[in-house]
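**Q** Here the protein sequences come in this chain order: C and U. Per numbering that gives the first Met the number 0, the very first residue in the first sequence carries number 0; after that it's consecutive. Per numbering that gives the first Met the number 0, the very first residue in the second sequence carries number 0; after that it's consecutive.
All the given hints hold, so there is nothing to weed out.
Covered stretches of chain C (in silico footprint by chain U; criterion: 3 or more residues with CB under 8 Å from a CB of chain U, positions within the stretch not fixed):
{"hint": "1", "segment": "21-31"}
{"hint": "2", "segment": "37-47"}
{"hint": "3", "segment": "58-65"}
Between beta-carbon pairs, the in silico distance windows are:
{"hint": "4", "chain 1": "C", "residue 1": "A35", "chain 2": "U", "residue 2": "M88", "range": "48 to 58 Å"}
{"hint": "5", "chain 1": "U", "residue 1": "L13", "chain 2": "C", "residue 2": "V47", "range": "18 to 28 Å"}
{"hint": "6", "chain 1": "U", "residue 1": "K10", "chain 2": "C", "residue 2": "V43", "range": "20 to 30 Å"}
{"hint": "7", "chain 1": "U", "residue 1": "L13", "chain 2": "C", "residue 2": "I53", "range": "30 to 40 Å"}
Hints were generated in silico from the structure; no laboratory data involved. Because the structure is a prediction, the values reported are computed rather than measured. Just so you know, even glycine gets a beta-carbon here, dropped at the ideal spot from N, CA and C.
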Amino acid sequence: MNPSDQSSDAYHQSEIADEIDEAALAEVMRVTPLGAAVLAGTAVALLVLGYLAIYLMVFLPRGTVG
Amino acid sequence: MTDRPAEIHEKRILGTELLWAFGVGVLVAATLSVIVFTALSRDINPPSNVERSDPKTLHLSGEFAEHNLGTTVGPDGRVTVRIIATQFMFVPRCIAVPRGREVTLRFASPDVVHGLLITGTNVNTMVVPGFVAQVHTEFTRGEDLLMRCHEYCGLGHSEMWATVQVMPDDQFKPGPDGRVSCAQR
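Isolated chain U (complex conformation) (with noise of 0.2 Å):
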């Protein structure tokens, strides 16, 4: 007799963890389908390039000669914006990007590891010598935001820093050779 009782809340028991285990399953469930729905309909991911660059002709030719830095605007209408992040500094400075229109941001170090991330935003990368690190977004604030390095690159890592400029459609003129410059302010 005395087993009965022992039998009737160890059914119980296990029950209940049965039903709990079943109502995490659940809320997991719904979490990544939140997730991969978002990735999915609104082309969200972590950014993942694999592109080899040479970190030490960076500067001499191909893509991120420094005649060829900054924001350009493709005869498709893409906007381009090629950064060198070296230490301790991005270049160049202060970048030009359209509110509300897609930019592909390109990166590449020539010495040491940087990160980057620019504030109100979900860019946020490592740059690795020896790799092109890509980001596409839409800024949809068309103000000021701070680009910082932040991954310890050596003694000047905290005045490592550049500005973005989010500008409206009616400021973002391209130049003739389809380049964008910051406003000066």
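Chain C with its partners taken away, still in its complex shape (with noise of 0.2 Å):
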């Protein structure tokens, strides 16, 4: 296609794909998801330790309730 057809972008230079080399992705994808179990696991941990901490160090001491 002529780069200066202005009609659409989809021919566009950076708009095209590169060719990704299937064993450089599937070593990526390896690693990937340890790196995002380890951010969402510490954030779920941080918040259920928070909640607990608040649960049995402020609730609690302030007496029982019914």
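Two chains, two separate frames, one set of hints: put the complex together.
**A** Laid out in structure tokens, this is it:
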């Protein structure tokens, strides 16, 4: 296509996908889930610990309620 | 051949997702278990009392007649506090409660919806006209606490508050009628 054709960006150089090596992609995808799990796991663990800390150190010492 | 790497990382991603789901399931189960265990062993639950009253005749007779408000110690030693939440005050304005003993607080409203909480405690409930709100608690801190209305009830809402005097046993002495009043300070 003629790059000076302004009708669509689909054929613009920056919009055309790179040629990816499948082996390299497999390697990246092997490591990525671990990093995502560590990040998400840390965030959830902090939330749960924070919740339990407030429950045990603030709510329960304030006495029974019912 | 190009399908094999795709299968392998799909399986790996599925494995990671299942592990994550299991981990989150364990955390949720642990949190819920702590709550249920505490509720069963320490008798802690959100106050939930369904008891009707007639807001129009509240002050005239029955449990919430004016002469019956405040702190009373029954013949069995149970401490009951009866309070009316109205626009824009709590009646009585100061209540005496013992420290370290179970207290039953009962509230009624003759006009609009009020809410109250006692600072430093877990006492937090709504008072709806036509119903009696009841909260059982044990005051662990021996000091003067603030009881505020926390549900907007009109222009004087910000001035609607009362004092809760938490007294140690040697000061919490009921009179012959079983009533206990605030210490004059």
